[in-house]
Amino acid sequence: MPILLRLTAAVLLLCAAVGARAADPAVDQALANLAADPKALRASVEALGGARGDPRALAVLEALRDGRLSVAGGEVLMRSADGRVLRARDGAAVAEAGSAFGLTNALRRGLGTAVARQQLLATDPQVRLAAAGALAERPSTEVEGLLRELLATEADARVRKALALALAPLDLDSADKARRLAAIGVLAEDGELAARGLLEPIAQGRDPELAQAARRALSRIGERQWLRDQFGNLFFGLSLGSVLLLAALGLAITFGLMGVINMAHGEMLMIGAYATYVVQGLFRQYLPGAFDWYLLAALPAAFVASALVGAAIERTVLRHLYGRPLETLLATFGISLILIQTVRVIFGAQNVEVANPAWLSGGIEVATNLVLPYNRLATIVFAVLVLAGVWTIFQKTRLGLRVRSVTQNRGMAAAMGIDTRRVDTLTFALGSGVAGLGGVALSQLGNVGPELGQAYIIDSFMVVVLGGVGKLAGAVAGALGLGVVNKLLEPAVGAVLGKIALLGFIILFIQKRPQGLFALKGRAVES
Amino acid sequence: MRSKSKTFLLSSLAAGLVFGMAGAHAADTIKVGILHSLSGTMAISETSLKDVALMAIEEINAKGGLLGKKLEPVVVDPASNWPLFAEKARELLQKEKVAVVFGCWTSVSRKSVLPVFEELNGLLFYPVQYEGEESSYNVFYTGAAPNQQAIPAVEYLMSEEGGGAKRWVLLGTDYVYPRTTNKILRAFLHAKGVADDDIMETYTPFGHSDYQTIVADIKKFASAGKRTAVVSTINGDSNVPFYKELGNAGLKATDVPVVAFSVGEEELRGIDTKPLVGHLAAWNYFMSIDAPENKAFIEKWKAYVAKNKLPGGDKRVTNDPMEATYTGINMWAQAVQQAGTTEVDAVRQALGYQTFKTPSGFVESLDAKNHHLHKPVYIAEIQADGQFNIVWKTEGPIRAQAWSPYIPDSAKKVADWTYPWVCGNCTEPKFK
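These protein sequences, in sequence, are chains A and B. Counted from 1, the first sequence has number 336 at position 331 by the working numbering; the numbering is strictly sequential. Counted from 1, the second sequence has number 402 at position 361 by the working numbering; the numbering is strictly sequential.
I should point out that these hints are in silico values taken from the structure, not numbers from a laboratory. Be careful, since some hints might not be right.
So, partial list: chain A residues that the calculated Cβ filter (under 8 Å) puts toward chain B [unchecked claim]:
(1) G103
(2) G237
(3) A497
(4) A500
Some residues of chain B that are not near chain A, with every Cβ distance over 12 Å (derived) [said to hold, decoys possible]:
(5) T70
(6) G81
(7) N102
(8) S264
(9) N280
(10) Q375
(11) A387
(12) G393
(13) P446
From the three backbone atoms N, C-alpha and C, an ideal C-beta is built for every residue, glycine too.
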């Protein structure tokens, strides 16, 4: 019997491989039923999922999943990727498609199982692996036979493992003790949190041998999960830290280096985010083919937009207020209100939609329950790049040298022939531009609205003050420190208390060390 | 006034005296107050309620007004500032002498104006779903009470069709509405045999934007082997980062459905909805309802938006609180016609027995006893285009329970403004 099974499976795989139409009458029946009664979707999906060796089944199921399946004129039709409409029965092209099937969650669940059942028969081991994983999430006796059959013939070791894992929850209920023990072993090796609920009753059960094995499996699952949690928290902390750093880096320049208490910093972030929105709109209209790459074009646009606004503010208002911190604070606060209202008038009070490009949606699943979203990873990389760029400007260019000399000793720098006013404008524009870059990153994570900046201004000041005014390294340490501590506190005490605890901690820290983590050493003439 | 006869002059003088020197202008129009935030954080949601109220008033005026007079809207902006709501309410009632006020969104703003309306015997129509536990003599609630939204949504998710959820995450913004709703839901889940171990309750501050940890926690909580559902009472902007994180973390609606009570068509306008397909919302009205009344309502709204060139243009949508506002104004107009006066006590008597065929496709009626609207309940899944696909609905309107039977203290209370109770929160009738 197993030889026969193996043979049929091999034949099936071969059929799928060459794409031969091994038409399964069940598929024809299901399609006919669906065409006759579009409401009988659930039964048809189940029938298609159970079909064997007919490539049409998977094609129809996938079309249904992606909203490309319709019924018109007594035929089931599907729209292919290139926009042609094909008859599902025989693949003939037809002219018109009806309106696509609507799905509900209940249908989507059944559809997921049906697609996975078909994909288990695929030739690509990666596809089989994913399908086995999907079936493992929803163990059901309905697919047990298929799983066992494939486990016997599967050549790929990883897929075999995944199939065994999908079968383990079903084996736990088996009457055969050896089989149960083996299932516990499989779960101990690869089981996830979900297996806990199944293992716990066995661990407390009567059979000492089974109970011991189950307890061992539980503790192994627990250990794995603990490690993953710690790694997850660290990643979340780094990610939040990099967001804070991007939000605060501009302020570290305008407030940290220049000493301008810049209440309009948040609005520079906001302008950067709106620049992203505008660039997105332009791409959507004129370059829809390159839409996925609009963010790259948004970076220089956001930098320039914020830098220009920053330069204008410096030239018209701030330049007359140097050395008068209180007036600067009030003036920049006023500017921030003006900017918010201006944006509200131009773009409306509503939040605007900034879509994530496809390459920033989703994430890598490094382990079950631990997904590293692409937009978070990209934010971390982006923060590092921006930081490197700012550092290079300050340490390696003439402008950087001038900025440093002006901030250290304005009078002496002027005496050496440096146009300090010009340097002030350029520095403020640079700080604002960097904030604009931060705005691009923020637009990918949260809301873009006129009040976007207000949400980040306090955090930004916190980062700069905690890190130590006047040092870029301080901003880095402050941002990452705040991010990681926040994320380590949050699972323990919750989001609301975590935020309060963090603020309390900063108050205490500033009491003890008013100069922040990194203090400027040496003499500053103006202080 | 020059051309008017002497008798009219006399009678209008007398009327002026009776109504506290309302002036000649007030005599030929009926003033209607609109109390919605047009700036600040709530402007996002409340602006369209102001717009739809003006549309309804225009519509009534086009039909000749009420009692032979035109309606005159008085729009004020309480700027999302809760104490300012009370001040503006007082201004509307005392200075402008409005006959009725349509307004408020957040529960905290309603609580702020409540004493003003009760002191000055004003009339307020409140159009938003809320946590219940209230019934005022001076307020008519045209939004849903918990048994008209939250409880049916949870029951649906418990059902076979909804996924048979056994474990629950109650996630909300940290203020009175989510806290009270979750208190009721927890009591309800207990009554259905759900243990405390299977309920996770989490709150975030207003404007929270980093949902990584919470989404990871939900994932962990959901992987305990039982089917899990999330009930979200997150309000306002925070929904965007929350749903983005959900999508990116791969938490699909087929595995862990999220049902939201404060997310409608208007809120989804700012979100890319593709990763959210299948997540749910429970309301008493959806723009996608297939009913002739709804079609007419949407057409009217689109025409009004186009005519007045409202911001957003053809992307503007209708939603549940807008429908409730529209229903409220029409019911009030009917009551005024019946009472033959705009005087609050008479209109209130008439209001208790009004029915109106609303855009939800049902004839809804105001309850004379608890001042709430009988409403149908719809549960719908988010679609890729930002609209909702209705998957479940009640057969007809259901009566609101102002006081939740699931909380022991409130279960004893009765809201009944008819004889012999005449009370919004009593345990025994006033007149025996």
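Verification of the hints:
1. G103: Since the shortest Cβ distance to chain B is 17 Å, the answer is violated.
2. G237: Nearest chain B Cβ about 6 Å off; hint holds.
3. A497: violated, 10 Å
4. A500: Nearest chain B Cβ about 5 Å off; hint holds.
5. T70: At about 30 Å from chain A, B:T70 clears the 12 Å cut-off, so the statement holds.
6. G81: Per Cβ check, B:G81 is inside 12 Å of chain A; nearest 9 Å; violated.
7. N102: holds, 27 Å
8. S264: violated, 4 Å
9. N280: Violated, since 9 Å does not exceed 12 Å.
10. Q375: holds, 33 Å
11. A387: holds, 39 Å
12. G393: holds, 37 Å
13. P446: Non-interface label on B:P446 holds, nearest chain A Cβ at 29 Å vs cutoff 12 Å.
The structure does not agree with the numbered hints 1, 3, 6, 8, 9 stated previously, though it agrees with the rest.
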